[in-house]
Each structure stands twice: as C-alpha cells, then as structure tokens.
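Using this note's numbering, the first residue of the sequence shown is number 952, and each one after it goes up by one.
None of these hints come from the bench; they were simulated from the model. Just so it is clear, the structure is predicted and the values come from calculations on it, not from any experiment. Ideal Cβ positions, reconstructed from N, Cα and C, are used throughout, including at glycine. Hints may contain errors.
Per label pair, the in silico range of CB-to-CB distance [stated by the list, open to error]:
| no. | residue 1 | residue 2 | range |
| --- | --- | --- | --- |
| 1 | Pro971 | Arg1096 | 38 to 48 Å |
| 2 | Ile1008 | Ala1048 | 16 to 26 Å |
| 3 | Asp997 | Ala1056 | 39 to 49 Å |
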Amino acid sequence: MNTRPGLGEEHGAGRMLTLPHGSYDLWVQLTTDEAPAGLAGSTSVDFDPGRLDPIAIELLPAAAISGVLRDRAGAPLPHRVLSWTSDPWPLGGQQAALYGATTDAQGAFTLLAVPARTPLRGAQPGTDLSPFEPGPHEGIELVSRP
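All chains, full assembly: derive it from the sequences and hints.
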C-alpha cells in the first residue's frame, strides 16, 4: 500500500491510498471542534485495476466514552493498556483491536469516534462496553477481572 498527498493536503485534507486490486472494508474516524465526540463511517468496496473514481463514506455522529478502570476492591488501575474489538465494525467483522487506550495515573480512559450503537468487546475480562448513543458518555466504571 502506498500513500500520496490528497487534493488540498496543505490545508489538512488528508492522504490518498493506493491499494492493490481486491475487496476492502474501509472505515473512517474523525474528531473536530464541531463534533468533539467524533464521527465514524464505513463502506465495502471492490478495487479494480485502474479505478480512479472517488469513494464516498458517510460520516455519522459517534460516541465518546470516558471512565475509570478499577479492580474488584474499587481501587483505580493506573497505566493499564486496554483494547477492544467489535463483530459488526468494520463491516467484515475484523477481529484485530479497533480501539485502544492506556489508563492514566487515576485509572481514567477515553475513547473517541466510537460508532454509535456498536458493542465493544474488551480484550481484558470485565472491560466489555455496551452500545452507546451518539455523543459524550462519562463516568463509565469498568471492573477488571483476573
């Protein structure tokens, strides 16, 4: 895969990908001042040799999730690496980590641009997240299980 400047990149427009022939699930996450919780979107596409037409991906309001990771006694767990996957996202059900966060000194974490109404399965026991509506969601308590 190669990248090259996209149109107007000098203004922050992004980069263009050059992908080999095949089928792909593409997904985009974006946060802006106007959408601090983020926007997310996806599409499936087949790339044929010589395809030059642009691909449109509709970006929808996403969820921002923040909370604290605690042990069973209720103590915050600082500096823990967390990761999540999701069966419905991206479209092909990819099982690689889609989201990650490291808790701070107080055990706090934040995830931005999470697709709305999408369950996240935590790699660590006790860290699964139920689906959230678009917008900010604060004060989520996760209890790590050994």
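Hints and how they fare:
1. Pro971 to Arg1096: 38 to 48 Å: For Pro971 and Arg1096 the Cβ distance comes to about 42 Å; the hint holds.
2. Ile1008 to Ala1048: 16 to 26 Å: 21 Å Cβ-Cβ, so the 16 to 26 Å window holds.
3. Asp997 to Ala1056: 39 to 49 Å: 47 Å, holds
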